[in-house]
Amino acid sequence: KQEVTQIPAALSVPEGENLVLNCSFTDSAIYNLQWFRQDPGKGLTSLLLIQSSQREQTSGRLNASLDKSSGRSTLYIAASQPGDSATYLCALNAGGTSYGKLTFGQGTILTVHP
Amino acid sequence: NAGVMQNPRHLVRRRGQEARLRCSPMKGHSHVYWYRQLPEEGLKFMVYLQKENIIDESGMPKERFSAEFPKEGPSILRIQQVVRGDSAAYFCASSNRWRNEQYFGPGTRLTVT
Chain A
26 KQEVTQIPAA
36 LSVPEGENLV
46 LNCSFTDSAI
56 YNLQWFRQDP
66 GKGLTSLLLI
76 QSSQREQTSG
86 RLNASLDKSS
96 GRSTLYIAAS
106 QPGDSATYLC
116 ALNAGGTSYG
126 KLTFGQGTIL
136 TVHP
Chain B
2 NAGVMQNPRH
12 LVRRRGQEAR
22 LRCSPMKGHS
32 HVYWYRQLPE
42 EGLKFMVYLQ
52 KENIIDESGM
62 PKERFSAEFP
72 KEGPSILRIQ
82 QVVRGDSAAY
92 FCASSNRWRN
102 EQYFGPGTRL
112 TVT
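Residue numbers (the numbering used here), protein chains in the order written: chain A, 26 to 139; chain B, 2 to 114.
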């Protein structure tokens, strides 16, 4: 059974810092991995999707990497801003008979203060 | 291009009533997924549907819950005889058939009194 763990559970940083959010998973047989942000009381916004065959994806100040052999993904946020404050979630699609089913981590609550 | 739409955004039901949650996928998307987020818990998969077919319902409670995605109209998640433990945020997501990047709606927050 795939398990997804996110560390740290919460992170508070001053504006301008570069930061790394971690996601680890127990089964390396994955189809893809998605990073989302969730604002309080709102839905999820897709940030980046990494296919199983890819090592990383970039969008603006965000960079996500994937290392299947070690069961890890990291989300790097450059030059953090107060508007980045949200809960960040990673989710795995295992593919195969579980294709379409995303397994989520518990999330990292990020606070960026001015 | 409108995103995933869910309605109602908030729903209050008394114990024993029925709750119907609707989801309209993004234009061009034919795959729909439902997830539940219980208070202080993470998001859990419930069901995956394509038009007129349930593909994976491994996350659905065995009783009182059902889902459909008809040929025309939105996907419906139906909860019969609601109990307090059903109070949660229910999210719908959709994707196209080529790339399984899931886009989420704003959610329906169900409160059972």
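What the hints contain is simulated information worked out from the structure, not anything from laboratory work. Only a predicted model underlies this, so the values are computations on that prediction, with no experimental measurement involved. Glycine residues also receive a C-beta, built at the ideal position from the N, C-alpha and C atoms. Among the hints, erroneous ones may be present.
[What the hints assert, rightly or not] No more than 25 Å apart at the CA atoms, straight line, and that leaves these computed lysine-lysine pairs for DSS-like:
#1 A:K67 <-> B:K72
#2 B:K72 <-> A:K26
#3 B:K28 <-> B:K63
#4 B:K28 <-> A:K67
#5 B:K28 <-> B:K52
[Unchecked claim] Here are the computed distance ranges between Cβ atoms for each label pair:
#6 B:E73 <-> A:A35: 30 to 36 Å
#7 B:R98 <-> A:S53: 21 to 27 Å
#8 B:E53 <-> A:A103: 44 to 50 Å
#9 B:G17 <-> A:P33: 38 to 44 Å
#10 B:E73 <-> A:P107: 42 to 48 Å
#11 A:T136 <-> B:E53: 27 to 33 Å
Run the distance test for A:K67 versus B:K72: straight-line Cα separation, threshold 25 Å. Roughly 29 Å separates the two Cα atoms, so the pair is violated.
For the pair A:T136 and B:E53, does the Cβ-Cβ distance stay inside 27 to 33 Å? violated (45 Å)
Satisfaction of the hinted span 21 to 27 Å by the C-beta atoms belonging to B:R98 and A:S53: holds (26 Å)
Is 38 to 44 Å right for how far apart the beta carbons of B:G17 and A:P33 are? Between B:G17 and A:P33, where Cβ atoms are some 42 Å apart, the hint holds.
Is the hinted pair B:K72 and A:K26 satisfied, with a Cα-Cα distance of at most 25 Å? violated (33 Å)
Quick check on a hinted range of 42 to 48 Å for B:E73 and A:P107, using CB atoms only. holds (44 Å)
Quick check: does the Cβ-Cβ distance between B:E53 and A:A103 fall within 44 to 50 Å? holds (45 Å)
Holds or violated: B:K28 to B:K63, with C-alpha atoms at most 25 Å apart: Roughly 31 Å separates the two Cα atoms, so the pair is violated.
For the pair we were handed, B:K28 and B:K52, check the Cα-Cα distance against 25 Å. holds (14 Å)
Hint check: B:K28 vs A:K67, CA-CA at most 25 Å. Holds or violated? Satisfied, since the Cα-Cα distance of roughly 21 Å is no more than 25 Å.
Taking the beta carbons of B:E73 and A:A35, is their distance inside 30 to 36 Å? violated (45 Å)
Of the hints listed earlier, those the structure fails to meet are numbers 1, 2, 3, 6 and 11, in rising order.
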